[in-house]
Amino acid sequence: MRIAITRTGGFAGIERRAELDTTGRPDATHLEALAHRALVPCAPGATAPPGVPDGFHYDITVDGRTVHCADPHVTHEQRELIRYVLKEGA
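Take 342 as the starting number for the sequence shown in the numbering used here and just add one per residue.
Hints listed in this document are in silico derivations from the structure and should not be mistaken for laboratory results. There may be inaccurate statements among the hints.
In silico EDC-like pairs for lysine to aspartate or glutamate, Cα to Cα no more than 20 Å straight-line [to be verified]:
1) K428 to D400
2) K428 to D362
3) K428 to D368
4) K428 to E360
5) K428 to E373
6) K428 to E418
7) K428 to E356
8) K428 to D412
The following label-pair restraints were derived from C-beta to C-beta distances [said to hold, decoys possible]:
9) P413 to G354: 16 to 22 Å
10) H414 to R366: 24 to 30 Å
11) D404 to A353: 29 to 35 Å
12) P394 to R358: 21 to 27 Å
13) F352 to G430: 19 to 25 Å
14) E429 to T349: 15 to 21 Å
Quick reminder that beta carbons are idealized off the backbone N, C-alpha and C, glycines included.
Assemble the whole structure, with the sequences as input and the hints as a guide.
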């Protein structure tokens, strides 16, 4: 499973992007379950919900399906996945 995160906005407005492939990873089962739960609350193809000034907007893409989220309306699962992919991904 390929997971990509794009984070935009924030105070500096700098875009950050990272991708992660779960194939062969020892934590693949956990990451894939987390990715599926992170996609459920968002409507696919919808524009990003209004966030807060200087807050972050996120595009979460899992195997070609993209959802849009914004602070502070990010679920626990989405936040965990975002942190993990931005930290571990390339």
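(request) Could you work out which earlier hints the structure fails to respect and list their numbers in ascending sequence? (result) Of the numbered hints, all hold.
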